[in-house]
Structures are given as C-alpha cells and as structure tokens.
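Protein chains in written order, with this note's numbering: chain A, 23 to 122; chain B, 3 to 481.
FYI, nobody ran anything at the bench for these hints, they're computed from the structure.
Values in this document were obtained by computation on a predicted structure and should not be read as measured data.
Cβ coordinates follow ideal geometry from the N, Cα and C atoms, glycine included.
Just to be clear, a hint being listed does not mean it is correct.
[As the list claims (entries may be wrong)] Under the rule of at most 35 Å between Cα atoms (straight-line distance), these lysine-lysine pairs were calculated in the DSBU-like manner:
#	chain 1	residue 1	chain 2	residue 2
1	B	K405	A	K78
2	B	K153	B	K398
3	B	K303	B	K345
4	A	K89	B	K405
5	A	K82	A	K111
6	A	K82	B	K432
7	A	K111	B	K432
8	B	K195	A	K26
9	B	K398	B	K408
[What the hints assert, rightly or not] Here are the computed distance ranges between Cβ atoms for each label pair:
#	chain 1	residue 1	chain 2	residue 2	range
10	B	E90	A	K43	30 to 36 Å
11	B	D23	A	A24	48 to 54 Å
12	B	D64	A	T58	14 to 20 Å
[Said to hold, decoys possible] Calculated from the model, a selection of chain A residues having no Cβ within reach of chain B, i.e. all distances over 10 Å:
#	residue
13	T44
14	P84
15	N87
16	K89
17	I90
18	E108
19	G115
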Amino acid sequence: MAEKDRVYKCLNPIGMQMPVKTFPLAPRLDTIEGKTIYVSIGAGGEQDITIPLPGKLESKYPNVNWKITRAAAHLTIAGSVALSEEQMKTADGLIRGVVW
Amino acid sequence: MPHLTTYEKAGIPSVFIIYGDQRECWEWAARLNGVPGLRTVHASRTVPGPEDIDTFIEDLVDGLTRPLTDEEQEGGMWAPREKRILFEGTLEDAEEFYMQTDKVPNLQNASIARYTDGLPIVVPTEGRVEAMLKGTSHRPEEVISFHDDHKLGDRSSQMGNSGRKGDAVRYLPLMRTATVENVATIAVMAGCKPEYMPVLLAIAESGGGCSDGRGGVGFCVSGPIGREIDMNFDVNVLGPGNQANRSIGRAAELMWRNFGGNIPAVTNVGVWGNALTNCIPENAEGLPPGWKGLNEEYGFKKDDNVLVIIPAGAMHRVQFSPGGYRALQKSGHGGIARRLDVKGIPGPHNWLEFFMPGLWASREGALTILMLPEMAQHLYEYGFKSKDEIYEWLYKQSFTSMKEYKTHSWPDMRTNAWMGIEKTSGKHWKELPDDYMVPSINDPRDNNIIVTGGGEESAQWMAGRSAAANPAFNIDTWR
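The shape of chain B in the complex, shown without the other chains:
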C-alpha cells in the first residue's frame, strides 16, 4: 500500500480497482499512507473479469479525469490522540465500559469488542498497572522499539515496519506505536502476572500478534524462563488451564486489537483469525541429543530466553489411531507399518513418512511441526541426529513435477505468472519440461520443529517459517 500512494504524491493521477467490500479497509490504508482520497472503482467478486471490465471501464477513465472536489484538494495532518486515562469510575462501571462493543456492518452486523477479545477483562486501574510494571526494569513511558535488527517478512516491511534496531515498532495495520505502560495495561486486562512482563514485552517488540496486519501468528517461548513463570510444557499445552500459557496468548490478541487497531473486515482483510490462542513453551529438556532448541537455531545460547513468532493461521493434526503409533514403533504392527513397508519390524521408524503422501498435492511451502518429546526421540533413534537433517529430508520430499506444480494456485503468483527464474535450474519457468522436478519448499530451513507438549501418538503441523526472516526476539533484554 505505501507504494500505491507514491504516484498521486508525485503528481500522477491514478485509479485503483478493488472489491466493494474492501472499501473501508482501503480507506484506512489510504489515510495511513497519506492520500485519503485515493480513487477506486469496484470489481465484482462473481462476474468473470473480462465481462466485469465492461461495467467499470468508463469509471476508470472518469477517475482519471473527473475534476477534484474541494475535499480531494485538501492536504494537512491526520493526528488522532489517545488519552492515558480512558475511564474514571467504579470497578463495576469500568467492567461495563471496557466491554463495549460495536456493530460491524461488514460482519453482518455482528458485534466486535472495542477494547477486548470479547471476554470480560481485569480492569486496568492505575494501581494494578503500576504493580504489573514491577515485572520489568523498563520505564513506563518507553516506546517499544526493536532491540536488535530483524529481517521481517516482506509484507510487514511493505506495510511500514522497519525491523531496524532502535526504530519504534509499528503495529499493523494502523501503524500505531505503544509504550511499556500500554503493554502493562494489556497485561492486566489479560490476567497476566508481573513476572510475565519480559515475555509480553518481547511479544510487543515482535509486533504484538499483529503480523502484517492480519494476525494469524502465535508465539513460542524458548529458554528457561518458561519454567520460571510456570508455563505448562506437558499434556494439553495448547489447551486451557495454565495461567501463563493462556493469558500471555490472550495478551497478544489484546495487542492485536488495541495496538494494531484490528477490526475484522474493516481495517484488515484476514479470513479465519488465529488458530493458536496459547503462547507455548518449547520443551528443551525433551530435545534429543544434538537437536538445537529454537534459541540456538537463531544464534542464541541454550540458556538465553527467546520469543519466536510461529505461523498459526491454521493447525493440522497428524492423526494416528489410538495405540496405532505405539504398535508401529513397538512391533511394526498396523496400517502405518504397511504404508512404511516395515510390517513386523520393530521401530524406531520414521513416522513423518506416514503423512507425506499428498501433503503438497494442493499446497506449497514448509512445515512447522509441534512434536512430542517421545516422537522426536524416535526420529533421533531412527537416524536424524539434528533438526537440520529433518529439514533437508522434508525439502527433498517436497519435490513435485512441473506438470503437477503448474496445477497449483500459489505458483501463479510466486513465479510472477511463470515469468521469473526457477532457482534449482536457473532457467525460466516456461522453459522447463513437465517432468522436471521442482521443490514445493523454498529452503530446507523454512521448516521448523518445536519439541513441546506431552503424552503420545500425535503431532500438530502448520505453515513453516521463512529462512530469510528473523522472528526470534530476545526476552532477557526486557527484564
């Protein structure tokens, strides 16, 4: 979006084709990028493109030639101010105040909470926020900024977040900033304890769950602070019951709402929302010998505390029948053994093979796998002496023929409509024969294994990471 206002600012009249239901989101983006009156025409979501053009082709010319209104000729400054004290009154009245909702026409008039995630909150009185601030040495008025250089995703950068050390973090989509006191206020509301503050401030430094403006991210804590603040590493790591796991995850969602200014279908164009509501800890003690924790993967030491952003737009389960996985590893029994062709042969077996078939039939990209310690140990005993060996194995599994790849959706965009260069061959995409094999994963290190949880026989997977990005944030600098 920042680029789309460049042309008007340079004196080039422009007109943009959008969908009508994107109108409010477009207006927010145009305002935030300094040209609130950017002209548009509306395309249809259902009429075929060539036919649809006929309905708005004259409007395109009109957008370039229609004389400007007085409003469109205005420049100035857009500078809304937020006050520090939002409400003054009794606790009962405050509870009601913070639970205000707004009807959103774009959501079929459903209500969206103005300050919360939709649930009651702990009222952030001055005293409670002051107590929360004791969980960090940072001053309340400090603006949350990047403590180190971070390569963010391209879309986050496009939307206005630099990732440069010393720059204020901009919460997307509304590009707001926040202070340590704002984070403490959110922490109170979410039901956090003061000792969670370093983790919460690292979440705030990482973008506060806003991602590129649509959310869809989760968080993993790597390092001993997880045990220090009593996170649950074991069974039900994704479920309710542990205050740290749940309230830290909740705080990220409150940042998404209050820092990012997210209102679904109004200020952002996400679809499903976030599938991972807990902040989860990595179980470093469950790592097999030689396997690095997330902190070490990102260049930190084993005892450093690091917050890592993980994709959480959707989660999938590697499904084994009750006892089925154990029977495979004990004696090579059952359907999994038949698929792996190890019938009657005791484990360890590479259970990852079980869910590979069809994995890239209608998708591309790497995996983040939440792996139970025992299942990680089986892979180690099978022969994977490091996570990198698995990342490489997954990469090799992802190769598919050009004939197949051309029938996928994302490659149309990622290959620049097949006009770019395919990296394994160095050739233009259009030159490659149908039987040429291309990887569905861009880089082996786009994969990510997180050892966590407890129990047996099940793993979760979601989208991978980007090896080119740096989503690891130092928690200890926020103590």
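Bound conformation, chain A alone:
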C-alpha cells in the first residue's frame, strides 16, 4: 500500500463532558397578587435596569409584596448570590438581571 493510502486512527482532542443532572423548572405562580417576589439588584452592568425596576413594578402591580435584595460586589462569589437562605424561605418568586 502506498504511504498516501495508509489508514490512521486519529485521536480526539475534545475533553470529556461530565454528566449533568437536569431539573425541571419550579411550578409557576397562578397569580402574582399577594405573593412575595424579590427583585435582585446585582452589582454588574444591569443596574440601569434593576435600580428603576422595583419602582415600576410596584406602580404597575401594587398588590404584590415586592422586596429588593442587593448583591455583593461584582466578581465575588457573594456577588452572584441573589437570595440568602433566609430570603429563600419567604420568596414566592425572583426577578434578576444578568446583563453582562
């Protein structure tokens, strides 16, 4: 067989994708009326949206218990936490900006 016709097995450079357990979305709310919904103001570039957002939500949906939570400084692990464990106990819903 000519060298140019020789068949080679060639290896894969791609790393191994580790299996990921996937979850369904949480059940949705039947209504937001009377519910406690957190608006998380992150420390990233989303603030021009998330700072005025709670006021607009309160004005348009006055019968919701809107709560504001503020993230820690950007680029820190705490900075990506929208709700504390305590807040998660009372939260019926969450709105968060992730505008990179």
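Given the coordinates of chain A, work out where chain B should sit on it, guided by the hints.
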C-alpha cells in the same frame, strides 16, 4: 451562574433579564448548571434602562406565571459522550477533517474552527500521540487534576472549578475534564515536542488557557526547564520563530477550544480574545541581585520549575524613542529626563516614573510588567533592591482622590455601588470627602514583574495579578 439555578431547584420560580445576543451563551450555562429551561426576557443594548423596562415588564410577570410546557417539566441527565478515536483514514483526509469549520451566526456568519485555532495542525495519529506521551511518566488515562491546593480567581470558582488538591480540573465554560492523553493529542496538533509535556500538563492543570471561561490568559515558565526545552529568552520573546515558545502557547489555545469548548459569542462572552500567543520563559539569569524569580515569589525554590498564569487580555508598550531611553540613563538627556527632572544628570534613573502620569486616569488595578534584564538592572542600581520595593512604590503611585475615583467605571461595581467599606479608612465609601486619597491598586503584590526578553529600551505591561490567588503550578510533578 451556578447560583442562578439554585432558586428553581429550590422551587422558587425565577425570571432573568439578559441581552438577546447572550441567548446561546445563557442556554449553555443554564444546561451546564442543571436547569436548561431557565426563563429570560431580553433587554436592549441601546434603549435607556427605565424606558426599556416598559417593553418587557409584562414579560417578567409572564415568566413567573405562564404554565410550564412539557419540556420545561422534564428532568433527567445530560451526558454527551466523546469517542477516543475521532477519525480513521488517510493523513490527507485527516488534515481536511480536523480543519472543519462552523459558521457562527453570532459572528456575522464568520467561520470558527471545530478543533483547531484556525491553522492547519499536525494530525494526531495514535502513533504520534504515543510518542508524545513519552515526555511524561503519567499514564494516558489519568484525569488532569490539581496536584496542590490553589486559590483560583473568584469567577473561576463561581463557574465550577474548585482548585482543591485531588479534584479534577474543570475546563470552562463547558466544565469538561481532560486526560493526559487528551493533552498529548493537543500537543501533537500544536507542533510540540515530547519534552514539552511537563509544561503542557502544568498548563492543563492551571485550566488550559480557559481561565474563567473567556480565556485572556498567558503563561510564563519560571525555572531551568525553559533552557532545557530550548525556549527563547531573548529578543523577540513574544514573536514567532522559536518552536517551544510558540507551540506551547498554541497548545494552550487548542485546550481553550477543545477542553473548554470555547466558541466566541456562543459559549462565552469574551470580547477581544488573547493578546499573548507565546508561552514565555522568565530569564532568571537576568534578575538583578536580590530580586526573586516567579518561582521563589510563589514559595518554590530557585531551581524548581513553575508555570505561572499571567493576564494577557491586552498588552501595552512603554514607549521610548530610539536611543531616548539610553540617552536618559547615560547622560540625563532628552524628554524623559525633562519629565523626571534629571536633565544632565547621568543615570541610573527610575524609568517607571515616565509612564506613571495618567496611568490610572481611566483604569484601576495593578500591573504585570515584562521587563528587559538591562532595564531591571537600572532599577536595581537606582535603589530598588527587591521586586517588593517596586510593588510597594507602584501601589503608592496609584493613589487618587475620591473626587477622581468616583468618575471611574469599575469602582461602581467593586465598591458594591459605593455601599461597601473603603479598606484604608475603614469607613463607608459614601462618608469619604472628595480629597481623600484611595489606592487604585488593591494590594502591592497584585503587581508582577517578569524579567524576560532581550534588547533594549522597551517594556510591556498588562493587567496585574491577584495577591489572593495562587496561579503558580508545579511543572516538575508532571515529568
């Protein structure tokens, strides 16, 4: 991102505001963190925030209340498998196979190579990979893991890399793992020699050029292995021509593509890419007396071989005119001498002073300086008897008034919108008067000096490091 899926998993319906062009990247991140259906609304990149809200405020409520689709109610397992043998055929056909590209709509339909950096590669046949593996005693099936504890950057940790000794390294953004054989495969493709393997495996342990998922890092080899594998320490250290410098740097980029799964604007949200393509060696013999090499700075011995991650998202040149720097040091001649107020006075002079004005006018943070041996020697003769003295000097230079600091961009985020505590005063940011001076560098040891290269009259600088992180990886454990 891992935190953003916590809430749905805990039964709290959530909806996120993102930009529309981040859609694919968001979907990848959501899948990798176990909630592929995470709901979003899209904000505009151009409409002012308050006005933009009106266009999606009802969609936010809809995201919380709209009944789930069948697909959104599904759980399960996402487990794509990669086969060991990727292609079987002639070398000519293999070359074509590995050069496949995909059109990426997010890149105005530009092509991105599926397995390469865009250039032809050496086909990784079984035989060639086997030969490459002779460059290390580690077994091909060994999963690349951390040999020591490493404090990684917060964002790398957020994204799922632990840095803990014994844990498998997760390549970001797709959180893949890799084996020694995968690294040898990349090494063949990049045009490396077997003796580079310990360095390549240390690069793989350090995250394979993927950083926090966006790349933008380079690598410096500290220790005698640089000469052992024939790296270029001298003129053109950043340029082409030396097989080790270039092919090791190339291998890191192939890891970025194949281990991290990076596809620009699809799986990551970087902007410019990497400015430093070579892996560079530190020139320990060019260090002035008393100045530590990078290996010693990170607690290793002078003869230990260490791989250090350096920021390489952008590089800047300290620019002196031809002969201008030499005239300054010889006789205090020229514009540099006028700026330093040493006209007519022979050197040594502190040339760092020349590029300080305006350095923190529109940026914050420390510097990594690539410094030629002669220029390091001038600083030593000027009076800096250690790198630490320069790190401290740079820190002091970085102080700026609160009035000025408040007009910068990053502090809005780093101070948590000015609600945190300023560390030099211990006071809330909002309490500080306009004339209070604050450092633009967080810690003197965020600065980093690397003595390398050859020739004269020029230095390069880029972003600094984090004194809190440990980006130094032992090469010798990978022999």
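Right, here's what the structure says about each hint:
no., hint, result
1, K405(B) / K78(A), "32 Å, holds"
2, K153(B) / K398(B), "26 Å, holds"
3, K303(B) / K345(B), "42 Å, violated"
4, K89(A) / K405(B), "33 Å, holds"
5, K82(A) / K111(A), "25 Å, holds"
6, K82(A) / K432(B), "32 Å, holds"
7, K111(A) / K432(B), "32 Å, holds"
8, K195(B) / K26(A), "24 Å, holds"
9, K398(B) / K408(B), "19 Å, holds"
10, E90(B) / K43(A): 30 to 36 Å, "34 Å, holds"
11, D23(B) / A24(A): 48 to 54 Å, "50 Å, holds"
12, D64(B) / T58(A): 14 to 20 Å, "19 Å, holds"
13, T44, "5 Å, violated"
14, P84, "13 Å, holds"
15, N87, "14 Å, holds"
16, K89, "13 Å, holds"
17, I90, "13 Å, holds"
18, E108, "13 Å, holds"
19, G115, "5 Å, violated"
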